[in-house]
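Engineer: Here is what each chain is made of, one letter per residue.
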Amino acid sequence: MEATIAPQHDEHATTTGLDHRKMLMWTFLGSDCLFFGSLIATYLIYRGQSIQGPFPYEVFDIPYTSVSAFVLLMSSLTMVLALSAIQRGDQRNFRIWVIATAVLGSVFLGGQVYEFTLFVSEGLTVKTNLFGTTFFVLTGFHGVHVTIGVFMLLSLVGASFAGKVKQHQSINVELIGLYWHFVDIVWIVIFTVVYLVEAPAIEAAKAAVGH
Amino acid sequence: MSHVSEHDSSHPSPSRYVGIALILAVITGIEVWIVYQSFLRDIMVPLLLVLSIGKFVLVVMYFMHLKFDHKLFSILFVGGFVLTIGVLTALFALFGRVYFA
Amino acid sequence: MATGTRTGGILARPTSMEGVWGWVTTVDAKRIGMMYITTSILFFLWGGIQALVVRTQLSYPGAEFVSPDTYNSMFTMHALTMIFLAIMPMSVGFFNLIVPLQIGARDVAFPRMNALSYWVYLFGGLLLSMGWLFGEAASSGWFAYAPLTESAYAADRGMDFYVLGLLVLGVSSMAGAFNFIVTIINLRAPGLTWFKLPVFVWMTFITSILLVTAFPVITVALIELMFDRYLGANFFVAAQGGDPLLWQHLFWVFGHPEVYILILPAMGIVSEVLPTFARKPLFGYPVIVFSGIIIGVMGWMVWSHHMFTVGLGTVAVGVFTVTTMLIAVPTGVKVFSWMATMWKGSIALTTANLYAIGFIALFVIGGLSGVSHSMSSSDFQQQDTYYVVAHIHYVLFGGSIMALFSGLYYWFPKFTGRMMNERYGKIQFFLLFIGMNIAFGPMHWVGMDGMPRRIYTYTSNMGWDFWNMVSTLGAFLLGFSILLLLHNLVRSFKKGEIADADPWDGRTLEWSIPSPVPHYNFARIPNVVSRDDWWARKYVTGEDGVTHPIPQGGAYAENEEDVDVHSIHLPDPSYWPLVTAIGLALMGGGVVFHLAISIVGALIMLVGIYGWAFEPVNEPDEEHEEHEEQVIN
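Chains as they are written, first to last, in numbering that gives the first Met the number 0: chain D, 0 to 210; chain C, 0 to 100; chain S, 0 to 632.
Worth double-checking, as some hints may not be accurate.
[Claimed, not checked] Within a straight-line C-alpha distance of at most 20 Å, the following computed SDA-like cross-link-like pairs (lysine to any residue) qualify:
#1 Lys-70/C with Trp-193/S
#2 Lys-126/D with Ala-151/S
#3 Lys-205/D with Arg-40/C
[As the list claims (entries may be wrong)] Restraint ranges, calculated between C-beta atoms of paired labels, are given here:
#4 Asp-41/C with His-593/S: 52 to 62 Å
#5 Lys-163/D with Val-370/S: 56 to 66 Å
#6 Thr-69/S with Gly-95/C: 38 to 48 Å
#7 Phe-150/D with His-568/S: 25 to 35 Å
#8 Pro-62/D with Gly-18/C: 43 to 53 Å
These aren't lab readings, by the way, just hints derived from the structure by calculation.
Cβ coordinates follow ideal geometry from the N, Cα and C atoms, glycine included.
Work out the full structure, taking the sequences as your base and the hints as a guide.
Structural biologist: Written as structure tokens, this is what we have:
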């Protein structure tokens with residue numbers, strides 16, 4: 000049985016009855032679509048245009064990246080469970096789930112860092128070719144977004160321990176959650192259009208080498 | 000003027016959220032499976048797009064709560080999203096290349 | 000106003016609005032608006048000086064007034080200054096001054112973010128312009144086509160100031176735009192539905208949507224160029240397969256909505272001024288609003304008309320020709336509506352109105368040259384000639400600037416409590432109008448005659464000598480008229496005739512409150528009943544079409560004096576926006592100069608953001624139970 004959701008602290012009245020900050024966050028996320036869209040457009044426009052390798056099929060490890068995609072998806076779950084908890088006034092579970100989200104986000108980032116260093120050791124840098132350039136910049140900026148998200152989550156944990164996160168102010172958690180989920184859905188897109196579509200080429204290359 | 004309120008008629012329960020997360024995990028698994036099936040090669044890209052859109056929509060509607068919130072939020076977000084798709088489509092047409100060959 | 004200070008954050012939140020510190024920590028949209036306008040006027044003068052240098056260099060063949068490199072920087076920086084540091088901020092200044100008043104609000108939705116927008120603009124503008132100090136101002140044109148802007152070809156730091164300056168300015172523009180989107184949706188007075196909003200508010204709204212959608216695209220383009228220049232990336236490196244067209248597309252996907260960002264606020268201003276001085280409602284209000292929306296949407300479908308000559312292929316060129324021609328339709332509709340507004344009106348030829356009417360005439364001329372550009376076949380001849388320069392200046396000077404100056408004359412009394420000198424204003428207007436046409440008119444035929452853009456000089460046998468000299472003389476006359484405008488502004492500010500609340504017998508809410516505007520804006524938030532609500536309170540138009548003043552009309556409530564204005568709760572001042580802005584500016588500047596500066600900047604910005612997020616709110620103790628309030632806005 001769900002505890003009743005407490006009404007939010009009464010901010011100044013608004014014309015629509017909707018919170019200013021939530022409106023701001025959704026508008027921001029709408030505009031961030033264009034940011035990532037432009038980076039993804041650049042990646043896809045240059046796909047297959049690199050003059051020399053390494054090429055995607057030589058470096059991508061789909062199973063590995065699938066795991067990190069799964070990790071980020073699960074972090075969205077823990078985030079929404081955290082929100083659910085604070086809306087019910089459950090500080091303890093709220094903290095657990097926020098920490099879990101930050102941990103999962105950090106695991107994702109760690110996975111990215113590992114993947115990047117692996118690629119670099121295999122000769123792929125931002126300078127190498129169009130693939131290196133577009134790949135590192137696109138996923139790098141996504142990683143920056145995740146990092147900012149982790150910072151916000153850790154701040155949230157800190158604020159919670161300082162007694163500053165109240166049930167009737169759960170909107171703050173909601174806002175951070177929205178940002179976090181957005182970063183997740185961007186990865187859903189990147190995982191598909193950058194990684195998964197290269198699987199046939201990876202298989203073909205393996206077959207050619209006689210695996 | 001209306002006062003800001005947490006008015007939502009329905010909040011999915013935690014178990015519902017877990018259920019959706021499970022669906023997301025399963026879809027991801029299916030996607031990874033699909034790309035290794037040569038018999039699906041010809042329709043791989045459309046299939047992946049549909050499945051990814053499915054995941055996208057689930058996260059936005061449920062985790063981001065857009066399904067239950069005021070329509071205005073949907074307009075603000077979907078507007079930006081639709082514009083992005085439009086610009087990308089135009090750019091791909093202008094560069095005249097097939098991207099998923 | 001605030002009675003107490005709570006310490007809950009690191010330092011006490013300021014309370015005073017006095018003195019310089021009061022301005023530095025202000026979150027009041029009116030003060031922020033005045034800072035925007037003042038700063039934008041100063042940058043406008045700077046951009047004008049750069050223009051006069053360009054014109055002097057071109058005044059006769061073979062001139063050597065400045066070196067070729069300096070010349071390239073002059074026209075590049077002139078454009079950047081005028082677009083990003085003059086026109087856009089002046090428009091935003093008006094958004095700040097006027098929108099809260101026209102919607103019956105006390106401030107914008109996010110007052111501190113509003114302050115941030117201003118400070119980031121100031122610092123970003125300085126960063127963008129800073130190259131001059133080092134003799135390394137950007138010189139690759141304002142549109143900075145790659146690969147000319149790659150390190151190999153633009154080796155000095157000019158492009159670095161460009162990239163970082165614009166990235167920082169983008170933050171300012173977007174923050175401001177987000178603020179106005181939420182404000183207009185969420186802070187309208189009771190009864191003020193969308194189709195009762197003044198057109199200026201509508202145009203602000205549409206412009207803000209364009210800003211938040213277009214700027215991310217140029218942000219990506221700039222980031223890509225930055226990675227090429229600093230980290231050896233290959234986005235635009237031909238040898239690695241990089242495509243110059245990618246830059247052009249990304250730039251113009253931003254660039255075309257940008258020009259609507261430049262003109263829509265102007266159209267909004269004119270839509271306020273004309274009805275007031277015709278003593279008639281705006282003709283075709285719904286049509287004007289829908290046209291604005293359509294222009295905003297279609298503005299996304301035309302960008303490649305800037306690229307007709309690069310080899311896009313017939314289909315692409317054909318499509319963009321059609322879309323560009325179509326976008327002339329809603330624009331034309333607005334022009335007809337404005338003219339119909341004036342038709343049979345009781346016209347008062349105040350300076351503000353002269354500017355607005357002048358706007359219509361000159362913008363139409365600019366629009367006509369635009370239509371000839373829209374036809375790709377004629378554009379093939381016009382591209383990169385002075386014909387385009389003529390078009391640009393008729394729409395941006397004859398259009399945007401004229402309307403912004405109209406706004407200055409129109410709203411000056413409201414914010415300063417004094418009238419600008421009308422006689423002086425009219426002289427100034429006519430000199431400007433004449434100078435403007437002499438300067439830019441000849442560019443049409445000189446361009447048709449083949450004179451290319453962005454050339455340092457030309458030879459005498461081209462037949463361009465006479466008109467270039469004429470153009471230069473016109474430019475100097477124009478410059479002189481601007482000095483007169485400045486003089487009128489300063490003089491009127493100090494000793495202009497005292498203005499009352501409603502000197503023009505206006506139609507919209509800002510005229511219902513005192514001049515200058517009290518810091519709380521409205522003693523009592525009005526309940527809005529109709530479009531042009533203030534006019535409707537003052538006058539009623541009978542069946543016979545005759546308008547009568549309403550006795551005792553012109554007030555929103557009886558006994559307004561009874562309101563205890565000291566109990567009106569306004570947002571507290573704050574220094575965190577300034578701190579955050581400094582951090583952001585240092586982050587940007589450090590990339591150009593030394594990474595250590597960026598790191599320091601990032602830390603300052605982090606401190607700024609945390610300070611902001613956890614800043615206590617000054618509350619009069621009796622009114623709220625909850626004191627430990629974090630307002631993250």
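Engineer: A separate judgement is required for each hint: does it hold in the structure or not?
Structural biologist: These are the hints, each one checked on the structure:
no. : hint                                 : verdict
1   : Lys-70/C with Trp-193/S              : holds (16 Å)
2   : Lys-126/D with Ala-151/S             : holds (15 Å)
3   : Lys-205/D with Arg-40/C              : holds (16 Å)
4   : Asp-41/C with His-593/S: 52 to 62 Å  : holds (55 Å)
5   : Lys-163/D with Val-370/S: 56 to 66 Å : holds (59 Å)
6   : Thr-69/S with Gly-95/C: 38 to 48 Å   : holds (41 Å)
7   : Phe-150/D with His-568/S: 25 to 35 Å : holds (32 Å)
8   : Pro-62/D with Gly-18/C: 43 to 53 Å   : violated (25 Å)
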